[in-house]
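Q: Start from chain A and add chains B, C and D according to the hints.
Protein chains in written order, with my numbering: chain A, 2 to 193; chain B, 5 to 355; chain C, 24 to 412; chain D, 5 to 157.
Hints were generated in silico from the structure; no laboratory data involved.
Any given hint could turn out to be false.
What the hints assert, rightly or not - Partial chain C-side listing against chain D, Cβ under 10 Å, derived: (1) I41; (2) R52; (3) Y56; (4) T65; (5) D68; (6) F80; (7) G96; (8) S142; (9) E143; (10) A147.
Computed from a predicted model, the values in this text were never measured in an experiment.
Backbone N, C-alpha and C define an ideal beta-carbon position, used for all residues, glycine too.
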Amino acid sequence: MPPADNDRQITPFPGDLWTQPPITVPARSTATEEVQRIRTPAALHYRYNPGIAPTVFLRELAQKRIVGGVCPTSGEVYVPPRGMSPKFGVPTSGTVEVGPKASITAFCVVHIGFGVNAPPVPFVSALILPDGASVSLYGLIQEIPYDEVRTGMRVEPVWVDDDQLSTSFENIKWWRPIDEPDTDPALLKGHM
Amino acid sequence: MRDVAIVSSAQTAHRRSVDELNEVELIQPVIAAALAGAGVSIGDIDFVCSGSSDYLAGQAFSFVMTLDAVGAWPPIVESHVEMDAAWALYEAWIKIQTGHADSALIFGYSKASPGDLPRVLSRQLDPYYQAPLWPDAVAYAGLQGRAMLDAGIITERDMAEIAHRNRMAAEANPNAQVTGSLSVDDLLAQPYLSDPIRRHDCPPISDGGVAVVLAAGDLARSWSSRPAWIRGIDHRIDGHQIGARDLTVAPSIATAAAKAGVSGRFDIAEVHAPFSFQEPIITSALGLSDDVMVNPSGGALAANPMMAAGLIRLAEVAARISDGSADRGVAHATGGHCLQQNLVCVLEGAS
Amino acid sequence: MTERVAVIGVGQTKHAAIRGDVSLPGLLREAVYRALADAHLTMADIDAVVVGKAPDFFEGIMMPEGYLAEALGCVGKPLFRVHTAGSVGGSTAIVAASHIEAGVHERVLTVGWEQQSCSEAMWALSFQIPFQQQLVAGAGGYFAPFINEYVRRSGAPEDIGILVALKDRLNGLKNPYAHLHEPDITYESVRDSFMLWEPIRYSETCPSSDGAIAMVLGNESAAAQAEASSGVPPAWIHGTAMRSEPSVAMGRDQISPLASQECAAAVYAQAGITDPRGQIDVVEMYVPFSWYEPMWLETLGFADEGEGWKMTESGATQMSGDLPVNCSGGVLCTNPIGASGMLRFGEAAMQIRGQAGDHQVDGARTALGHAYGGAAQFFAMWVVGAAKP
Amino acid sequence: MPDEPTGSDLLEAPLAIEYPFNRTTGPVIGPFLTALIDQRVLGIRGEDGRVICPPTEYDPLTGAPLAEMVEVASTGKVTSWSWVATIREGQPLQHPHALALIQLDGADTSMMHVVDCGSADAMVTGMRVAVRWSDERTGSISDIACFVPTGEG
Chain A
2 MPPADNDRQI TPFPGDLWTQ PPITVPARST ATEEVQRIRT PAALHYRYNP
52 GIAPTVFLRE LAQKRIVGGV CPTSGEVYVP PRGMSPKFGV PTSGTVEVGP
102 KASITAFCVV HIGFGVNAPP VPFVSALILP DGASVSLYGL IQEIPYDEVR
152 TGMRVEPVWV DDDQLSTSFE NIKWWRPIDE PDTDPALLKG HM
Chain B
5 MRDVAIVSSA QTAHRRSVDE LNEVELIQPV IAAALAGAGV SIGDIDFVCS
55 GSSDYLAGQA FSFVMTLDAV GAWPPIVESH VEMDAAWALY EAWIKIQTGH
105 ADSALIFGYS KASPGDLPRV LSRQLDPYYQ APLWPDAVAY AGLQGRAMLD
155 AGIITERDMA EIAHRNRMAA EANPNAQVTG SLSVDDLLAQ PYLSDPIRRH
205 DCPPISDGGV AVVLAAGDLA RSWSSRPAWI RGIDHRIDGH QIGARDLTVA
255 PSIATAAAKA GVSGRFDIAE VHAPFSFQEP IITSALGLSD DVMVNPSGGA
305 LAANPMMAAG LIRLAEVAAR ISDGSADRGV AHATGGHCLQ QNLVCVLEGA
355 S
Chain C
24 MTERVAVIGV GQTKHAAIRG DVSLPGLLRE AVYRALADAH LTMADIDAVV
74 VGKAPDFFEG IMMPEGYLAE ALGCVGKPLF RVHTAGSVGG STAIVAASHI
124 EAGVHERVLT VGWEQQSCSE AMWALSFQIP FQQQLVAGAG GYFAPFINEY
174 VRRSGAPEDI GILVALKDRL NGLKNPYAHL HEPDITYESV RDSFMLWEPI
224 RYSETCPSSD GAIAMVLGNE SAAAQAEASS GVPPAWIHGT AMRSEPSVAM
274 GRDQISPLAS QECAAAVYAQ AGITDPRGQI DVVEMYVPFS WYEPMWLETL
324 GFADEGEGWK MTESGATQMS GDLPVNCSGG VLCTNPIGAS GMLRFGEAAM
374 QIRGQAGDHQ VDGARTALGH AYGGAAQFFA MWVVGAAKP
Chain D
5 MPDEPTGSDL LEAPLAIEYP FNRTTGPVIG PFLTALIDQR VLGIRGEDGR
55 VICPPTEYDP LTGAPLAEMV EVASTGKVTS WSWVATIREG QPLQHPHALA
105 LIQLDGADTS MMHVVDCGSA DAMVTGMRVA VRWSDERTGS ISDIACFVPT
155 GEG
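Next up, chain A with everything else stripped away, as it sits in the complex (with noise of 0.2 Å):
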């Protein structure tokens, strides 16, 4: 550890550094203020279509179901499905319910939310392996102290009250423990 050093001086710049020449400018009658920064405001309107394969995902998790799209070629599950297989460049031909138990494949400590949906910190942001997919997903961990989250933990689903249930990711509120033994973490290895 290097010793404090309240001393410390910042290098000065070197020698001869180009500038922008001085502008000459007619003169001014006025007191007004110079301009040096505008605000541009801009907003674009877009219609958003999610595409297919992140349709089905959605429609499928209005219903409580988690899926996942399945490569054709090494059978790999991908969720939530983008409609391709990202290492083979083919479309997934279909689509398999995968969880809803799964693994907690890494995880971190969240001191800081963002919106209004953000949960008290701190809190813990998670990557979710369900069971019978190949690769994980975002979620938050909770019903348990912040601090008791481990990397294999087994969690579940934690879905909106049916009346609630819509197209969105956040039917699902968030994952809470189960009571199984946790994977090993060398099995997860591979499917963050």
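A: Okay, now just chains B, C and D, sitting in the frame of chain A:
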């Protein structure tokens, strides 16, 4: 310079709106078809380069998502330009010239349908002096059209004839979006969309994409029975401030054409003129004689998928060389407003 | 007909949260004219310009290179725009170099920039897209789980990130161009800064900067002419490599991406490097969050898997160590995103040219510049050296 | 498992990409915008002596740094125009108008702005126009509300 050829290409059937597909779903079949056309798979390809723009569909990091359509595993040598994919082909051609690659896959795509394209394109303009005024891209182009008319270089009838010829030619193009045309007289009877521009002078708004396979030397000969050899390729840019430019010319096209070796006889030219009145600016800068067949595909007036329409011009010339219907052609791609940036490529069949 | 390529001029701006004294074109021109002056050249001597920046939404300008054509002295010349996410600054320099290596041009100007004061990185990188998952944990929610997993796998002590941040911020004091100059920083002040995403504290994260860097690259004869007129030796490019892999794929390891390993292997093979730690004198590595230093030390072959943190802990990566990393202060001091990768490449060249001033590593003859982006999936690297390859 | 969605099965939602972008103006754009507040228009002298308006820090052909800002008139002539019949959000006039290039007296290049003249029939290249100033000027290109025909020439 190494001999490099376009050995295969594929396009979407261009449409006004492909709502059901996202961009990766849109482009994957095109990539697969271009690779299949060369009889190869991604593992045979040394370099991948794509062209796209996040602004068109409002999709941040669009190219990151479309990488899933390539099959980047094991990891690939890959790059991306925020330009028309004709420039992605240029980067790939350079890469092959360095000797670090013998083959390349290039693709470009866009979905312009989710946004209001003429408004979106205003975001490309001078952010201090022009973009805050939100000029739409059609009216902006009209400033160039008016300059052509005022200079007496072209008439509104000439513009209608160009639109008519391109759209009639597009009837033979299975990928075209707008085919067929009213008579020139009937076109001239139509109201202005943005005086001096009528609807027929404008390109359609398109969703679509294109993919091309490049290969060098003997590899090209083994992947295609008749490769379309790149004999010269160059790109140049003019100034952005259209008020300081002569809008009736695009000097960057002439410079690029000279550097690319545009001279002598051509069977075919595919030029990227989104607006009717831009075609003569390009053909005169290329110095094309009257007997050259210009835009047998229908050009950008038949389909104009942004970020792909330039590379499509190269693909169209290459396809006609590879099928034996042409021996020598020139292709042109443009970027920006009012033909600001231009790429010119000479392609030949004889090796 | 491949040509040798050298860096013959480097220039950069003073980087700051807001460069309120210059316009967007003025920001680029400050770097461009400094690079041209360093090369003893003028705009007229440049054959082509290759530029790179991160997503257009950052500045709210679609494909801004068209607007910048005149400012870059590019009218009538080729102007090329690269965008490969966070690695873009590195990729841009490599694309520029390939124009010369291919024998197409003799002198190419390359520029990377970002004016992040136009908007906010948090907005530009993560505005809400319909039907996509809301990320209530912010950007760190994406990558911090991987860092945490690195800590778990490697058993690294909790304070390695603090050591990296302290080192880079202290190095930044030796670099007048750096954005963050924190002379009062201490181990304790980093440790006591706000914990954001465990194990990342506020002082272990990169700033948002306005800034630009430009380099002039030349072929062999251009390099000889530049050296004759400027008296500064060229930094020869000994190898360049780029690799990409999907953002999500079974078998991917975001902690030690295969693309990073293969990119390093490719660039070392070109540069004739068989013992990276022994042969490379100085590294400019893309470390936007402290813990990426030990992680990249491993994928770049400087340490065995799980051992990178030991180099950091031992002081090996300090300026006085055997493998100084980020003598410039790195991304942790300066982060105009589209420039950050090229700053790594340019700082590596400055070390070779003996131009790094107070953060110069004496006798540096071989240097690695490194950049990455996306979900740790896009990589760009070059090795530059004093010896003509 | 359901079939692939078609037609009304498609999901669709609006996406707004919206931000009040900040732009630093620097030593040339800043004085130009400042002068607009005072109802004055500035240009800058190019390398070849031409007066560039609106001004840039660099020559439009060579990129060389420019240094001498000069005042130009707030009147000039239309050098090109097109008709904007469909109005879009954010445009300076919310009724049909001309988009135009306008060369101000004393300038050698043209500025893009809009002309309020009622109908396309009233527009002709070469016509004389003058700035109509915005009542509330803040130092932006919109301080020029639009140009209007002067009725001369």
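Q: Determine for every hint whether it applies to the structure shown.
A: To see whether the hints hold, each was checked on the structure:
no.: 1; hint: I41; in the structure: holds (7 Å)
no.: 2; hint: R52; in the structure: holds (7 Å)
no.: 3; hint: Y56; in the structure: holds (8 Å)
no.: 4; hint: T65; in the structure: holds (9 Å)
no.: 5; hint: D68; in the structure: violated (12 Å)
no.: 6; hint: F80; in the structure: holds (7 Å)
no.: 7; hint: G96; in the structure: holds (3 Å)
no.: 8; hint: S142; in the structure: holds (5 Å)
no.: 9; hint: E143; in the structure: holds (8 Å)
no.: 10; hint: A147; in the structure: holds (8 Å)
Against the hints set out earlier in the document, a violation occurs for number 5 only.
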